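S.K.: Let the sequences and hints guide you as you build the complete structure.
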Amino acid sequence: MKIWGIFRMFFPEQFEDNIFIDIGEIIKELDSKVFIIRYTMFPLALLFVSCCAGALTTPQYYDLGKAQTYFKEFVTKFGKKYSTKTEMNYRFEIFQENLKEVNKLNQEENANVFGINQFMDLDIQDFIQHHTGFRYMKYDDYCKVQTDDHIPDTDVPESFDWRQRNAVTEVGDQGKCGGSFAFSAAAVRAEGLMKYNQGIVHKCVNIFGVNHAVLLVGYGTENGIPYWTVKNSWSSDWGESGYFRLLRGEDIDSCGMQSTYMTTAELE
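Quick note: the sequence shown, position 121, residue 121 per the working numbering, numbers continuous.
Check the hints yourself; a few may be wrong.
What the hints assert, rightly or not - For lysine-lysine, the following DSS-like pairs were computed, each having C-alpha atoms within a straight-line distance of at most 25 Å: (1) K85 to K72; (2) K100 to K81; (3) K85 to K66; (4) K81 to K66; (5) K66 to K80; (6) K85 to K104; (7) K100 to K85; (8) K104 to K72; (9) K80 to K100; (10) K77 to K100; (11) K100 to K66; (12) K77 to K104; (13) K104 to K66; (14) K66 to K77.
Claimed, not checked - Label-pair ranges, simulated between beta-carbon atoms: (15) H130 to V156: 37 to 43 Å; (16) D161 to K72: 48 to 54 Å; (17) E87 to R165: 42 to 48 Å; (18) P152 to D251: 30 to 36 Å; (19) Y90 to D237: 40 to 46 Å; (20) F160 to I252: 17 to 23 Å; (21) D153 to G224: 22 to 28 Å; (22) K104 to P152: 23 to 29 Å; (23) K81 to R165: 15 to 21 Å; (24) R163 to I94: 50 to 56 Å.
Derived by calculation from the structure, the hints in this document are not laboratory data. Treat the numbers as computed from the prediction; the structure is a model and nothing was measured. Ideal Cβ placement from N, Cα and C applies to all residues, glycine included.
M.R.: Written as structure tokens, this is what we have:
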């Protein structure tokens, strides 16, 4: 049985140590059939657009009249420190604007995907500057593209998750270093994920372009909705224990994931 891998991404030599992983040769059993996974020095590369909305649930609504209470809880939960009262008041103003945006996003998509996380006291410029770090490069200058228009039909499991096979490290926190390369082999547009909380991301828009790197670790289906499982580098306090899920399917751009820098890697 053969299973085709997802994506591959190529960068100049100076980045290879950060974005390539060596899974090696692993023997696994699936549906009583033994198959060998041969992955040597490959990255799971995603190009992302992360201004998003997600799965259909009861929309989360934050009472703006309780913004001060929400802010105090936010400061305590995430250990926020402000040097002056002026700075604290400034951050509270941003926090209130972000609350309004969360309510708007959830209402527009009838979703409970966005919510209060550690970035709620940042404006979009601060967030992009300090918590992203992907540097876009023209791939034509660094790689040779090989295509295969005859990928065979294969039987693949309905769901797959590298975490269940102990092939994924713990979620890291890049902090303000902008070093998402060290945690990943994929790139995304991160501005929409700034307010992500849980669920399946459905829609994305291109605001700042590709600016963040992440790692694809699996796929599955929830309530009939197919999704990708993606690892981020903003700590396990963010999203779904450091991960998020993204709508997948034919003719779905998946936030830019199914665009450039992709080939398939074969699993035997």
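S.K.: Please check whether K104 and P152 have a Cβ separation lying inside 23 to 29 Å.
M.R.: violated (46 Å)
S.K.: Against the 25 Å threshold, does the CA-CA distance of K85 and K66 hold or violate the hint?
M.R.: holds (20 Å)
S.K.: Between K66 and K80, does the CA-CA distance stay at or below 25 Å?
M.R.: Holds, at roughly 19 Å.
S.K.: Straight-line Cα separation of K85 and K72 no greater than 25 Å?
M.R.: holds (14 Å)
S.K.: Within 25 Å, alpha carbon to alpha carbon, are K66 and K77?
M.R.: With a Cα-Cα distance of about 17 Å, the restraint between K66 and K77 holds, given a limit of 25 Å.
S.K.: What's the verdict on K104 and K66, does the C-alpha distance respect the 25 Å limit or exceed it?
M.R.: It holds: about 17 Å lies between the C-alpha atoms, which stays within 25 Å.
S.K.: Within 42 to 48 Å or not, the Cβ separation of E87 and R165?
M.R.: holds (46 Å)
S.K.: If you check the beta carbons of K81 and R165, does the distance land in 15 to 21 Å?
M.R.: Distance hint for K81, R165 is violated at roughly 40 Å.
S.K.: Do the Cβ positions of D153 and G224 conform to the proposed distance bound of 22 to 28 Å?
M.R.: Once the Cβ atoms are compared, 23 Å apart, the range 22 to 28 Å for G224 and D153 holds.
S.K.: Take the C-beta atom of Y90 and the C-beta atom of D237, compute their distance, and say whether it sits inside 40 to 46 Å.
M.R.: About 23 Å separates the Cβ atoms of Y90 and D237, which means 40 to 46 Å is violated.
S.K.: Please verify whether K80 and K100 have alpha carbons no more than 25 Å apart.
M.R.: Holds, because 21 Å separates the two Cα atoms, which is no more than 25 Å.
S.K.: Tell me if the beta carbons of F160 and I252 are separated by a distance inside 17 to 23 Å.
M.R.: The hint (17 to 23 Å, Cβ to Cβ) holds, given that F160 and I252 are roughly 18 Å apart.
Hint compliance for this structure: hints 6, 16, 18, 19, 22, 23, 24 are not met, and every other hint is.
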